[in-house]
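Novice: Throw the hints in and build the complete structure from the sequences for me.
If you read the protein sequences in the order shown, they are chains A and B. Residues 1 to 269, numbered by my numbering, are exactly what the first sequence covers, in order. Residues 1 to 269, numbered by my numbering, are exactly what the second sequence covers, in order.
Warning: the hint list may mix true and false statements.
Note: identical chains are not told apart, hence a pair may lie in one copy or across any two.
To be verified - Using 20 Å as the maximum straight-line C-alpha spacing, the simulated DMTMM-like pairs for lysine to aspartate or glutamate come out as follows:
hint, residue 1, residue 2
1, Lys143, Glu168
2, Lys61, Glu104
3, Lys143, Asp243
4, Lys143, Glu91
5, Lys143, Asp81
6, Lys143, Glu251
7, Lys61, Asp81
8, Lys61, Asp29
9, Lys143, Glu53
10, Lys61, Glu244
11, Lys61, Glu91
Bear in mind the hints are in silico, worked out from the structure with no lab data behind them.
Number of protein chains: 2
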Amino acid sequence: MNGMTESREPTARAAEGGRRVLIVSAHPDPRSLTASLTGFAADELRAAGHEVEISDLYAMKWRAVTDADDYPEHPAGARLDVGAASQHAYENGSLTADVRAEQERLLRADAVILQFPLWWFSVPAILKGWLDRVFSGGFAYGKDVPQYRNGSLSGRRVLLSVTYGATESALSERGIHGPLADALFPLQHGVFFFTGMSVLEPFTIASAVNLDEAGYRAATAAYRERLAGLFTEEPLPYRRLSDEDYTRTMELRPGRERPGTTGFALHLA
Amino acid sequence: MNGMTESREPTARAAEGGRRVLIVSAHPDPRSLTASLTGFAADELRAAGHEVEISDLYAMKWRAVTDADDYPEHPAGARLDVGAASQHAYENGSLTADVRAEQERLLRADAVILQFPLWWFSVPAILKGWLDRVFSGGFAYGKDVPQYRNGSLSGRRVLLSVTYGATESALSERGIHGPLADALFPLQHGVFFFTGMSVLEPFTIASAVNLDEAGYRAATAAYRERLAGLFTEEPLPYRRLSDEDYTRTMELRPGRERPGTTGFALHLA
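Specialist: Following this line, the structure appears as structure tokens:
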């Protein structure tokens, strides 16, 4: 560790090549595997000269639920369309302070890591609520925001770091739960690539319930490798939205896919 | 409408063939399309002689976030494993009253409808929090709970009723967001079929932002048909977990799939 502290203000890069990383962490217990991995990643990245901010959603008592309280300027008599109301609030600078702070953290970051346990094959509700509220209209999507190319978060990398209780085989290509990559596609592609980010292969720890000492050592050794490659690894080759590849109805043009692929895999170039 | 009111107590069936339906609804505004469709479905089902309960998550101020407060008997000094803690609380009858009430509603229901807007290709955080908390260890999953066969909610049907702002083509087989059925698979199969439910094709309304009068009429006419078939429609043919189909590592045995299928589709018989 290099003694740097978290800061919410933009500051000079920590060192030649030092970058800023935001870790979003989602577990209620500071003694959990999730919390340990968040601490491990922060230590590793700081030791490598990067600046790290941590959004520890439970510690922050992050409000998961979006409602009219998020849009104080929304007329009380009018029907609430969350997309339109959040876009209006974003454009008028009237989003709530907690949401604005997270948007600023995202904009400051060169890379974002999401550290979470897989609950029902998706993110815990508190993390879904971070996505629902922080990735607001006007900021992350909307009429004037490019999708799947040059979006608001272009130039930033994202790494999902996921722990789960099931065995690796049960979430493999022929596993009964379906492939983990497909369960994560709506996040990886539909949220992060949508906003222009460069999306890395997820880092995953299977059979994560009651991981023993040796298991934890092996897992952090593997995580160390991935963290070392955070800014150099080749991102997933998702296709950018272009007229060359997609029709006006946003469907992949015939014959552009890798032979034999269907569904989500069509969108890998 | 037949004048029946919601009841949390088990009562005699409303009429010969009348069943119980639970509608879980997730939108902050009672004037929203989601709320209108929930009201429409409740009216239709009651007119057909069914009993309807509604879990209107925003109106109930449903707590989305799971933490140690959910498990008052969990020792303060011990690391919180949500699966183990919720299973222990379930078995000891010490889950919180809100969670127990929803579990009882599920057990009373012959069919469950989830009415929600698609936010970032998934359920709103409040509905994810309903799943995270209500589908607890011991009740919905855990060492002694069968998976993908004869689970705790066997014999019940589930219909996802989903509205989304994107066009239908953008969520079609070749659409850039990926097929909607695949985005919903972790819910349809990973949550509901996992617990033994019979899962119907979702009912969907595309381009749902600012739906006009004619659009709403067409949508509710189509919804009426689906509601009429709620107890007769053929469910999706997901494979039950059996030694015949799956290995001990929970992978589909070679050659059992429909020719040419991969990923999620392997699990359709």
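Novice: What are the numbers of the hints that this structure violates, sorted from low to high?
Specialist: The structure breaks hints 9, 10 and 11; every other hint is satisfied.
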